[in-house]
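These protein sequence lines are chains D and A, in that order.
Per my numbering, numbering through the first sequence is continuous, rising by one, with the last residue being 285.
Per my numbering, numbering through the second sequence is continuous, rising by one, with the last residue being 285.
Rather than coming from a laboratory, the hints here were simulated on the basis of the structure.
Some hints could be false.
Which bits of chain A does chain D cover? Going by a derived footprint, with three or more residues having C-beta under 8 Å, they are [what the hints assert, rightly or not]:
{"#": "1", "region": "41-49"}
{"#": "2", "region": "221-231"}
Quick list of the computed label-pair ranges, beta carbon to beta carbon [claimed, not checked]:
{"#": "3", "chain 1": "A", "residue 1": "R104", "chain 2": "D", "residue 2": "R248", "range": "16 to 26 Å"}
{"#": "4", "chain 1": "D", "residue 1": "P99", "chain 2": "A", "residue 2": "D190", "range": "42 to 52 Å"}
{"#": "5", "chain 1": "D", "residue 1": "M35", "chain 2": "A", "residue 2": "G212", "range": "42 to 52 Å"}
{"#": "6", "chain 1": "D", "residue 1": "S48", "chain 2": "A", "residue 2": "G250", "range": "38 to 48 Å"}
{"#": "7", "chain 1": "D", "residue 1": "E247", "chain 2": "A", "residue 2": "S46", "range": "27 to 37 Å"}
{"#": "8", "chain 1": "D", "residue 1": "G135", "chain 2": "A", "residue 2": "S79", "range": "35 to 45 Å"}
{"#": "9", "chain 1": "D", "residue 1": "L179", "chain 2": "A", "residue 2": "S157", "range": "24 to 34 Å"}
{"#": "10", "chain 1": "A", "residue 1": "P117", "chain 2": "D", "residue 2": "S79", "range": "45 to 55 Å"}
{"#": "11", "chain 1": "D", "residue 1": "T245", "chain 2": "A", "residue 2": "Q274", "range": "33 to 43 Å"}
{"#": "12", "chain 1": "A", "residue 1": "K36", "chain 2": "D", "residue 2": "G212", "range": "39 to 49 Å"}
{"#": "13", "chain 1": "D", "residue 1": "K36", "chain 2": "A", "residue 2": "L234", "range": "23 to 33 Å"}
{"#": "14", "chain 1": "D", "residue 1": "G112", "chain 2": "A", "residue 2": "R104", "range": "32 to 42 Å"}
All C-beta atoms, glycine included, are put in the ideal place defined by N, C-alpha and C.
There are 2 protein chains.
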Amino acid sequence: MKLRVDLLPHGSYSDTVLVIDVLRATTTAVTYLERGAEALLLTASPDIALGLKWQPGLTDEAGDPLRDDRYLLGGERGGLAIPGFDFGNSPVEAAQQNFTGKTVIMNTTNGTGAAHIAAQSGSRVLLASLTNAHAAARRAKALALEEIAIVCAGTDERVGLEDVYAAGVIAEYLLALGELSVDDGARIALTLRRSAGNPLEALSSSVHGQTLERLGLGEDVRYAAQVSESTVVPVLSDLQDVEGALRFVAG
Amino acid sequence: MKLRVDLLPHGSYSDTVLVIDVLRATTTAVTYLERGAEALLLTASPDIALGLKWQPGLTDEAGDPLRDDRYLLGGERGGLAIPGFDFGNSPVEAAQQNFTGKTVIMNTTNGTGAAHIAAQSGSRVLLASLTNAHAAARRAKALALEEIAIVCAGTDERVGLEDVYAAGVIAEYLLALGELSVDDGARIALTLRRSAGNPLEALSSSVHGQTLERLGLGEDVRYAAQVSESTVVPVLSDLQDVEGALRFVAG
């Protein structure tokens with residue numbers, strides 16, 4: 035079995051792909067499913083997400099469009115909530131809600147884009163974070179035939195230390211589960227995991243961690259630094275019912 | 035001053051760029067200039083290089099095309115010499131020759147492409163390797179106004195541990211020369227440099243180092259692992275006289 039770590043999304047994937055956007059999309063995705071969400075729809079754009087918010091052509095007595103109450107919208111641009119969305123991209127906020135029976139429509143700056151790149155070619159696509167690291171590693175190991183690719187989303191096309199660190203944590207779990215031939219990306223991630231301090235130190239020192247801290251979202255960084263607290267792994271569903279959106283369910 | 039390390043070439047560059055392809059293009063480039071070459075022409079394709087080999091329209095008495103004896107051709111594809119080229123991309127081979135008065139036309143799988151990406155936007159472009167690491171750092175520091183970007187060429191669009199390690203060596207020198215704000219890529223490179231063993235261990239353990247060893251080119255890996263043996267830094271010249279080729283001279 036081969037292990038490949040892409041420090042940014044690029045190229046194509048032949049087998050099982052773990053997409054990581056620790057700060058914060060994949061951490062939040064895990065939390066939505068933990069808090070009862072039936073499914074996640076990762077859209078290619080905010081507009082696709084907003085288009086799903088309303089029931090097409092229906093209005094209430096005052097003539098206002100009628101909300102489609104199956105859906106809630108969560109997302110961010112530059113760390114901030116998107117106008118018209120119900121939630122930001124905050125795992126702390128998500129952890130305080132109950133999403134039972136709801137589908138959460140997500141659009142974020144980096145994570146949802148990375149998932150779309152992975153889904154173009156990968157035969158199995160999972161979302162991973164530090165919070166579900168062990169479960170994600172076990173699930174990927176069970177699904178993969180020849181190769182596990184860990185794809186780091188990064189931030190605005192720049193490598194994110196937090197994602198590479200998390201890739202190293204998952205790579206360590208995978209190595210404990212059996213023999214793997216690792217590429218240079220995996221070796222870099224493993225080195226970083228072993229040398230960059232504990233998870234909170236690593237996440238707090240990353241450029242994106244510092245940006246979130248400045249935006250008053252430091253609690254999200256601390257939440258995202260928890261390792262293997264969850265056993266939920268979002269898995270790309272075979273059922274893709276909305277164009278331009280990837281449907282993930284708890285695997 | 036900012037320091038940015040791109041673990042693969044991407045994006046655009048506003049200021050001073052150091053292009054690294056330790057195994058082997060930039061190491062060999064330094065060696066050509068050390069051994070007397072007047073200039074290097076890094077071409078966008080092997081065909082452009084081969085087109086410069088002959089004097090256009092001229093033949094000898096037997097009707098064979100006449101060689102343009104200003105030029106020598108060096109390059110590789112997949113580690114192997116290109117048919118019609120005079121040299122492979124081997125620093126060991128280059129170190130045994132005298133290139134005085136010659137221009138060496140180079141085309142390689144990754145390094146020349148990375149240099150072309152850097153030259154599209156960078157205002158000053160230098161070639162760096164482990165062999166000229168200290169000189170390259172000092173030169174970049176002297177030239178840069180706001181940002182030094184170290185661009186790792188990688189191998190076939192995959193991150194190369196050898197390039198990231200060398201970026202970490204140069205980043206360490208730069209930090210010793212003055213205060214810098216570093217991005218996550220630089221922090222990853224610095225961590226790797228401090229944790230991945232000595233230069234020869236790092237280069238030998240990289241995927242591309244192992245490929246070269248298998249091809250019988252292990253001497254090149256050992257040559258490329260020498261740190262700061264040379265003070266020659268190839269600098270992109272203001273004079274770009276051949277279309278599709280970047281002219282570098284000793285800086």
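The hints, checked one at a time:
With 4 residues having a beta carbon nearer than 8 Å to a beta carbon of chain D, the region 41-49 of chain A meets the requirement of three or more and the stated coverage holds. Note: the region 221-231 of chain A has 7 residues with beta-carbon separation from chain D under 8 Å; the three-residue rule is met and the coverage holds. With their beta carbons about 56 Å apart, R104(A) and R248(D) fall outside the hinted range of 16 to 26 Å. The hinted window of 42 to 52 Å between P99(D) and D190(A) holds, with their beta carbons roughly 50 Å apart.
A hinted range of 42 to 52 Å for the beta carbons of M35(D) and G212(A) is consistent with their spacing of about 46 Å. One distance hint, 38 to 48 Å for the beta-carbon pair S48(D) and G250(A), is violated here, with the actual separation near 30 Å. At roughly 28 Å, the beta-carbon separation of E247(D) and S46(A) lies within the given 27 to 37 Å, and the hint holds. The beta-carbon spacing between G135(D) and S79(A), approximately 58 Å, falls outside the hinted interval of 35 to 45 Å.
The hinted range of 24 to 34 Å is not satisfied by L179(D) and S157(A), whose Cβ atoms lie roughly 48 Å apart. The supplied range of 45 to 55 Å is met by P117(A) and S79(D), whose beta-carbon atoms lie about 48 Å from each other. The hinted window of 33 to 43 Å between T245(D) and Q274(A) holds, with their beta carbons roughly 39 Å apart. Range check, K36(A) to G212(D): Cβ separation about 42 Å, and the 39 to 49 Å hint holds.
A hinted range of 23 to 33 Å holds for the C-beta pair K36(D) and L234(A), which are about 26 Å apart. Roughly 53 Å separates the CB atoms of G112(D) and R104(A), a value that falls outside the hinted 32 to 42 Å.
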